[in-house]
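Undergrad: Taken in order, these protein sequences are the chains called F and E. Under the numbering used here, the first residue of the first sequence is numbered -8, with each subsequent residue one higher. Under the numbering used here, the first residue of the second sequence is numbered -8, with each subsequent residue one higher.
It cannot be assumed that every hint is accurate.
Since the list gives no way to pick one copy over another, a pair counts as held whenever it fits inside one copy or between any two copies.
Think about it this way: if two alpha-carbon atoms lie no more than 30 Å apart in a straight line, the pair counts; the simulated BS3-like pairs of lysine-lysine are [as the list claims (entries may be wrong)]:
(1) Lys85 <-> Lys276
(2) Lys73 <-> Lys170
(3) Lys216 <-> Lys273
(4) Lys73 <-> Lys115
(5) Lys73 <-> Lys276
Keep in mind that the hints were calculated from the coordinates and are not lab data.
Protein chains: 2
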Amino acid sequence: MSVLPLEVVRLAIDCMGGDHGPSVTLPAAKAFLERHPNAELLLVGMPDALKEAFAWPRARIIAASEVVQMDDPVEVALRRKKDSSMRVAINLLKSVDGAAPLADACVSAGNTGALMAVSRYLLKTLDGIDRPAIASVMPTQTGGYTTMLDLGANVDCTAEHLLQFALMGSALVSAVDGKDEPKVGLLNIGEEVIKGSETIKRAGELLRQAGAAGQINFIGNVEGKDIFTGEVDLVVCDGFVGNVALKTAEGLATMIITIIRQEFGRSWLTKAAALIAMPVLKRFKDRVDHRRFNGAALLGLRGLVFKSHGAADQLAFETALNRAYDAARNRLLDRVHDRIIAALQAQPSAIEESGGADVSGDKATQVVQAA
Amino acid sequence: MSVLPLEVVRLAIDCMGGDHGPSVTLPAAKAFLERHPNAELLLVGMPDALKEAFAWPRARIIAASEVVQMDDPVEVALRRKKDSSMRVAINLLKSVDGAAPLADACVSAGNTGALMAVSRYLLKTLDGIDRPAIASVMPTQTGGYTTMLDLGANVDCTAEHLLQFALMGSALVSAVDGKDEPKVGLLNIGEEVIKGSETIKRAGELLRQAGAAGQINFIGNVEGKDIFTGEVDLVVCDGFVGNVALKTAEGLATMIITIIRQEFGRSWLTKAAALIAMPVLKRFKDRVDHRRFNGAALLGLRGLVFKSHGAADQLAFETALNRAYDAARNRLLDRVHDRIIAALQAQPSAIEESGGADVSGDKATQVVQAA
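Excised from the complex, chain F in its bound form (with noise of 0.2 Å):
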């Protein structure tokens, strides 16, 4: 078996954001520069944070003198803090005078909305891309994962959108998950295509477009309840409702596991049976691990940016390295460019939005804390 040489792939992390910052980016950053040995990594933050990493390999400390906090407004983070970490990894992505960006890819564990705004604002979004979007995935039944989105960067979306949401999250899926032609369901509130509301019929009129042009493959409508079947890989569906269905499971896995703790915890008894059942329950806990599904992609920028959960330990922190290396070697920005490209090409009236829509300023991108 020959082994062909890796590229090298650099990634830039934010040691800083999070609940946690440097006492759990820096475990995860080295665990991970051990696993990938072509990764590179520049760790941004407080160098006195940071000591630690001076000596690693492969590892580089670049300096940022602020931070931005998980409860700083989102005009905080854009227009005070210029030289927090989260701001310094971003721009990082951007490339200087023509010459090739320093990293090929950047994560943050900090605030939602913050790190959407500054990549917005750094990097600016792809043509064809109105709205960047937030994707993030799904644990399924057969072990496998669903990707969703958009997850909470835009509330008020239209069928457009909704098409550039189904083209980059083929690109995404295609990349990271190595799935060449990722099916993709249109959330609704039932199967029929006579259902849902104006919106989302127009929307399914242009996927079913979309998929018949072969830009990508329209499974058709597909309910809540199909998200966790793996039927689907792909399901697109506008920021609020993908951000209530999110947190909606989120709150339910966390009633399940409360239910059987309290229920294993009830008396010697119990607490016996529970010690027997111990390897059972600890697999399927593994199998419903937040920590495994870790790591948004923000889509649509000019630079790949990846969003840990803010309450992210190492190994948590590790799966979005993990992803956003992926995504990089496996070239997402190029997928994302292409997919696009050929949609507009195809039907340029179908991607683009008619003349009066508001597709940028505040209210285009309301970003809320999705993952």
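Knowing the structure of chain F, use the given hints to seat chain E on it.
TA: Same frame as chain F, now just chain E:
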């Protein structure tokens, strides 16, 4: 302890509806009758199929010659099957020539779209209500449940509709759960008032005004995860979002139970562990058992209609009968009416829609399989 004589409560049951028809509805009806000495039942369906109930005390058979099938389009239920068990049962809620209606509430496990359309056609909406809504309950980790509406009757809602849902839902919770001032949350993508779409922000304003006027107990925005914490009694949302949240929760619950089964079924060792953990797993399953939460209310009509899950078994159908019974006994219809009238008098502009809006017709109520 003195026992007050209970008033008679009379339920009409569409015995033919649902996946199983009389084989489920009749045993449930019998168990219900035994439990409620002051209840009377009007059992609607093909007399041949209901023979076993002929001799029951406090039950009468009302003949109908047709059955609305689970996959019948709304038009068939509405225009063709004029002697369906569903339609005859709903008709028993209508007062004829000023006399009291024969039944206080009606329960059907038939197809949701047909049930909503026929109910709306026969009963009409209450004054001040533009659109009926579907309300149901979800379990919480504190052992209680949260009522949610709308779950799929209305895909496009205005802020005024959401206020109406809050008023009707508060009446439902107070009637069925005995909570006088149920805590109302508006489903959103963040707790801050600046979050959400324009419609949601405007709905937040209306709900705050109604809260300040003492018409509801509004506690602010809630997120998907809050459905399961038990911190609010009522979650208000549009039918698209509500339906997606409901089905996402159903899908995740199914996945989790599937995974637990798979993991406990792996080997003789895990099967032995399952035997030992059985009593605990059973209590867990009981606590999240959807049969304990069956029975969605169709609110805003001039009559009390309850929808059982189509796949309901005897226990589940009995739960729906109990909910309808509680609603009738605690005068839910009057409570909805009173709340709407009070709100109308206090802020007529807030509850009534602006002139041009589409508040009727097919577009307004696009009913889906919500329960």
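Undergrad: All the hints need checking, so say for each whether the structure fits it.
TA: Hint check:
| no. | hint | in the structure |
| --- | --- | --- |
| 1 | Lys85 <-> Lys276 | neither (40 Å within a copy, 52 Å between copies) |
| 2 | Lys73 <-> Lys170 | neither (39 Å within a copy, 51 Å between copies) |
| 3 | Lys216 <-> Lys273 | both (24 Å within a copy, 23 Å between copies) |
| 4 | Lys73 <-> Lys115 | within (17 Å within a copy, 60 Å between copies) |
| 5 | Lys73 <-> Lys276 | neither (41 Å within a copy, 52 Å between copies) |
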